[in-house]
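Chains as they are written, first to last, in the working numbering: chain A, 667 to 969; chain B, 130 to 472.
It should be emphasised that the hints constitute simulated quantities derived from the structure, not laboratory data.
Bear in mind that the values here come from a model prediction, so they are computed numbers and not experimental data.
The beta-carbon is built from N, C-alpha and C at its ideal position, and this holds for glycine as well.
If a hint is listed, it holds; no wrong ones were tucked in.
Selected chain B positions facing chain A (Cβ under 8 Å, derived; list incomplete):
id	residue
1	181
2	307
3	416
4	427
5	446
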Amino acid sequence: MTGVTPVPIETNGFDQAEALPWRISESGRFLRHVMRDPATLVGIVIVVLLLATAVFAPILAPYGPNENVRVMLAPPSWEHPFGTNVQGRDLFSRVILGSRNSLGIAIPAVLLAVAVGLPLGMLIGFKGGRFDSIFVRAFDILFALPTILFAIALVAYLGPSSRNLILTISILYIPRVAMVARAPTLSVKEREFVLAARMFGGGTFWTLRKHILPNIAAPVLVETSLLFSEALLTEAALSFLGLGIQPPNPSWGADLGRGREFMELGMYQVLFPGLMIMTAVIGFNLLGDGLRDFFDPRIRKQA
Amino acid sequence: MPIPHPPAGTVLICGPRKRLRAKRSLMGRYILRRLFLTVPVLLGVTFLTFALIRIIPGDIVTNMMGVTAANNEEIRAAVLRELGLDRPLLEQYVWWLGRIFRGDLGYSFIHGGPVIDQILRRFPITFQIAAMSMAFALLIGVPLGVLSAIRRGKGIDLAMRVFSLVGISAPNFFVGTLIVVFGAIYFPGVTTLGHVPFLEAPLDNLSRMFWPSLTLGLGIGAILLRYTRSSMLEVLGEDYVRTAEAMGLSSFSVIFVHALKNALIPVITAVGVWSAFLVSGTVLLEEVFAIPGLGRLVLSAIENRDYPIIQGTVLFLAFCVAMVMLIADLFVALVDPRVKLAR
Numbered sequence: 667m668t669g670v671t672p673v674p675i676e677t678n679g680f681d682q683a684e685a686l687p688w689r690i691s692e693s694g695r696f697l698r699h700v701m702r703d704p705a706t707l708v709g710i711v712i713v714v715l716l717l718a719t720a721v722f723a724p725i726l727a728p729y730g731p732n733e734n735v736r737v738m739l740a741p742p743s744w745e746h747p748f749g750t751n752v753q754g755r756d757l758f759s760r761v762i763l764g765s766r767n768s769l770g771i772a773i774p775a776v777l778l779a780v781a782v783g784l785p786l787g788m789l790i791g792f793k794g795g796r797f798d799s800i801f802v803r804a805f806d807i808l809f810a811l812p813t814i815l816f817a818i819a820l821v822a823y824l825g826p827s828s829r830n831l832i833l834t835i836s837i838l839y840i841p842r843v844a845m846v847a848r849a850p851t852l853s854v855k856e857r858e859f860v861l862a863a864r865m866f867g868g869g870t871f872w873t874l875r876k877h878i879l880p881n882i883a884a885p886v887l888v889e890t891s892l893l894f895s896e897a898l899l900t901e902a903a904l905s906f907l908g909l910g911i912q913p914p915n916p917s918w919g920a921d922l923g924r925g926r927e928f929m930e931l932g933m934y935q936v937l938f939p940g941l942m943i944m945t946a947v948i949g950f951n952l953l954g955d956g957l958r959d960f961f962d963p964r965i966r967k968q969a
Numbered sequence: 130m131p132i133p134h135p136p137a138g139t140v141l142i143c144g145p146r147k148r149l150r151a152k153r154s155l156m157g158r159y160i161l162r163r164l165f166l167t168v169p170v171l172l173g174v175t176f177l178t179f180a181l182i183r184i185i186p187g188d189i190v191t192n193m194m195g196v197t198a199a200n201n202e203e204i205r206a207a208v209l210r211e212l213g214l215d216r217p218l219l220e221q222y223v224w225w226l227g228r229i230f231r232g233d234l235g236y237s238f239i240h241g242g243p244v245i246d247q248i249l250r251r252f253p254i255t256f257q258i259a260a261m262s263m264a265f266a267l268l269i270g271v272p273l274g275v276l277s278a279i280r281r282g283k284g285i286d287l288a289m290r291v292f293s294l295v296g297i298s299a300p301n302f303f304v305g306t307l308i309v310v311f312g313a314i315y316f317p318g319v320t321t322l323g324h325v326p327f328l329e330a331p332l333d334n335l336s337r338m339f340w341p342s343l344t345l346g347l348g349i350g351a352i353l354l355r356y357t358r359s360s361m362l363e364v365l366g367e368d369y370v371r372t373a374e375a376m377g378l379s380s381f382s383v384i385f386v387h388a389l390k391n392a393l394i395p396v397i398t399a400v401g402v403w404s405a406f407l408v409s410g411t412v413l414l415e416e417v418f419a420i421p422g423l424g425r426l427v428l429s430a431i432e433n434r435d436y437p438i439i440q441g442t443v444l445f446l447a448f449c450v451a452m453v454m455l456i457a458d459l460f461v462a463l464v465d466p467r468v469k470l471a472r
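Next up, chain B with everything else stripped away, as it sits in the complex:
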């Protein structure tokens, strides 16, 4: 007869090996549940993208192609067929969803090539900016947040508060523009604009990507600074930190080994939550720094009224955000033993 599984959160009175096994299965169940919860989010994202072109008032073909083209029966039929608009609504969605699952995001109106090819070609560029920005954000936000927390109420704390306020409030497309303009006027030798593939000229690539990433990293770093500061302040007030201090550990070891480890957990969750913001910022900065990533793909598609590209890229980036959120949550669950027992 199978033994019923104890409900999550039960304290098990048994041997260490058994307890470890129980813990592992709780972890496994947490991961499964979290994965399961991602499915409706992803489905919802597809539904929204799907609904986007169907909720717009007015005739979609006229909006897309202009009046002349819309009055041409042949073009009208072709556009409706390409978008799948010539079928019943539910069938359209299922058909469209099936296409997406096969990696088919449709074909570009302008180039005629598959949308997914364009997206995959540009994705590494956007990913590089996003990853470098997040690295900068962590490098800036976490140490400064810790500094701000341990010097709470002092001059340096105030300076950090001003820095984070300005960092959060300064539009990144403004900071980026200033960097470009400043560079163009005072350092004509330094190229801040454009993009070269990493594999062709790694150093040139990094030196150009440095500026947009730093710009975005400053903005997100300012947000992470706030998270780090407040979570650090809370952790520093906990009993175990006082115990560590009372046991005579150096303040360095207390702060960086004992406190920071726990204070970082909400920061990691914040990284997931703010990844949507990161993508928005990347789109803007690609425009500022003339980098041919996914952001510029969308913008040029809007100019050309290339709707399959817009739809495909929005969908793709929303998927990426949902994935980053999932990974951040799973990572937190992995390092924080409290999460999986919480519910």
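Isolated chain A (complex conformation):
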């Protein structure tokens, strides 16, 4: 039954049988790939600009996040490109400074999920058997839970704070990373070099690190990039609902949510925070898609 099987989430679109080996020691070839693929280039540019904005936010922002500029609910002008909000705060500065909070939640959350999920996924794939099936069943349950709803419930019990947001988002993504790491481990562990490593007396963790990890890094990298975009969305959604970053800290989601109260004054109250969320998500999605195209030889063959 070629071709008609649906793409399971956990394999991230990679064809297990064909997509071996994935090694990521080909930065030069990746650069050439990027140059030929404008979509990936756009993604990289967006992500780099975003990171730069977050790093240099205090320098870039003309005003402080909670500085009163003495104009309330002003429409966009040269002085206040995105207008001002009801407390007389410059929305442009808040959007710039908000990048720190949004990325400051999304990046640690995803890294934490990878730090736990990657070893876990490799281990359950490598050990196999009952150990493997118990975890896979458990993850199936987590996949059935609506992400936002579960996050809402978790935050409701834990209370909204940056640390809890990071924890909540990473808990939600650990099974995703683990499943993405597990699928290729299942096939890589059958290959001769792994058998040879085992035969020479290599321990489980040494074999995982030296022989499995380099060969499964690519799909995990792709998933990581896509998870960044999802984590940004989740953070924004929670902040939008008032369960994420708390006022008066600048946050795209929260500013979008609170801008709705004054919507009859004009779109600008909600437009710019929302556009920033969207642009950031597009950036990470393009990067993830580009990485996948690069690593998946099936697509490479077609091109």
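Got chain A; can you put chain B on it based on the hints?
Quick look at chain B alone, frame taken from chain A:
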């Protein structure tokens, strides 16, 4: 002496009627197995919801009721009793599970009424948005996906790729907010907010539900577009499609009768898989469009610290997602003869 049943996947060399009967029993076994596999998922969901309030660090009563109330012995005992926290852990779970099986999700801290009543009262609203969104998603995603696949590499394909990227990346609460704001500023006569029961004013109901459903439908449609496009591309490369073309069938009939039928199978599976996403989106859009469904029930419960409501609704919606996944899988098994023979 009973004849042992052939293992699944065996090609039976026998008459057509016998073969049909064997096929039917394979189908029956598949359904049974799939139903059986749903049980641990549902149990796991109950366990997670159960564990949720018990894994939280700190004193649960203080978290829920505040310090003053927690220091009051009477309130403390009442809360612990209501949550069943005054018993051993395993007993708590079994007791709680037994309650759920009897449809008892506990009582609201705020209103005092049964949680299940509140959920059932609001469920039709959430269900309507979810169903309409999925209808929009299919109406948008499938035709555009087919179009994108048959015009692969052309301008329209590129436009579809951009559309799906933007649709996947645009937060639906942002798109929804823009619709509300745009409507409020430029079309003050059109009501996008709020909800009226369908039975009271069907037209008004539909015209209000149209916008949140369209918003969510665009997002999920963008995902389904990708699934349809890639599965359509694979199916179009199959031998039987080439045969159909070679036999001189019109390209319309090849694409829509022969190819699409098979290309839709992974799309249906995707509908099941993304139903969890659908529920998340509905929760957000109910907040944006001020619709009193289950999403707003949870959100207001969080504001009021009404934990039985939160717990009950999360459990209920997770059950719904598991059911939609089950139905999608069974539907695929019903229309795709390959599934039940696969294993």
